[in-house]
Amino acid sequence: MIAIGSDHAGYGLKKDIIAWLKEKNLPYEEYGCMDGESHDYPLVAKEVCEKIVGGSADCGILVCGTGIGISMAANKIKGIRAALCTDTYMAKYTRLHNNANVLCLGGRVIGSGAAEEIVDTFLNTDFEGGRHQRRVDQITDIENT
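When the letters of the sequence shown are read in order and numbered with the working numbering, they come out as residues 5 to 149.
Fair warning: there could be bad hints in the mix.
What the hints assert, rightly or not - Cβ pair distances, simulated, as ranges:
#1 Gly115 x Asn148: 33 to 41 angstroms
#2 Gly40 x Gly134: 16 to 24 angstroms
#3 Glu121 x Asn148: 31 to 39 angstroms
#4 Ile143 x Leu30: 22 to 30 angstroms
#5 Met38 x Arg135: 41 to 49 angstroms
#6 Gly40 x Asp145: 39 to 47 angstroms
#7 Thr144 x Gly40: 20 to 28 angstroms
#8 Leu47 x Gly134: 30 to 38 angstroms
#9 Asp91 x Asp44: 23 to 31 angstroms
These are computed hints drawn from the structure, not numbers from a lab. C-beta atoms are modelled at their ideal positions from N, C-alpha and C, and glycine is treated no differently.
Put together the whole structure using the sequences plus the hints.
In structure tokens form, the structure reads like this:
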């Protein structure tokens, strides 16, 4: 299951991504802003990331205006490796090399077509492991100190 959330600035793009998830028959749960009214991105990030850490979601998608603030907030949650991606190359390699479990996007930065391609790449790329596992473990060690 995919946990997807946004603040008010990412609301429109979140709705577009949800339509794409529905089209692909991918299970999701929606969090954060539900009507375009003001909503604080740190609280949305916390809510989505807790679903991942708690095991009720496999991964997350977070959207704010630029993707920067919501990615900063998400990365404060232990066990989260959130990546702000603006293209498919970044989405592919954050999964392959960093085993990212949260994709962050900017609703005021990219359009829905690009976002759908980025989400598709993120969801369909597996962690490569190998030498990259050592680095992910180092990130976890830093997180635990």
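Going down the list of hints, with the structure as the test:
Checked against the hint of 33 to 41 angstroms, the pair Gly115 and Asn148 passes, with Cβ atoms roughly 38 angstroms apart. At roughly 44 angstroms, the beta-carbon separation of Gly40 and Gly134 lies outside the given 16 to 24 angstroms, and the hint is violated. In this structure the supplied range 31 to 39 angstroms holds for Glu121 paired with Asn148, their Cβ-Cβ distance being about 35 angstroms. Checking the proposed 22 to 30 angstroms range against Ile143 and Leu30 shows it holds: the Cβ atoms sit about 27 angstroms from each other.
A beta carbon spacing of about 42 angstroms between Met38 and Arg135 agrees with the range 41 to 49 angstroms that was offered as a hint. Separated by about 41 angstroms at the C-beta atoms, Gly40 and Asp145 satisfy the suggested range of 39 to 47 angstroms. In this structure the hint that Thr144 and Gly40 lie 20 to 28 angstroms apart at CB is violated, the actual value being about 37 angstroms. Here the CB-CB span from Leu47 to Gly134 is close to 37 angstroms, well matched to the stated 30 to 38 angstroms.
Distance hint check: the CB atoms of Asp91 and Asp44 are about 28 angstroms apart, consistent with the given range 23 to 31 angstroms.
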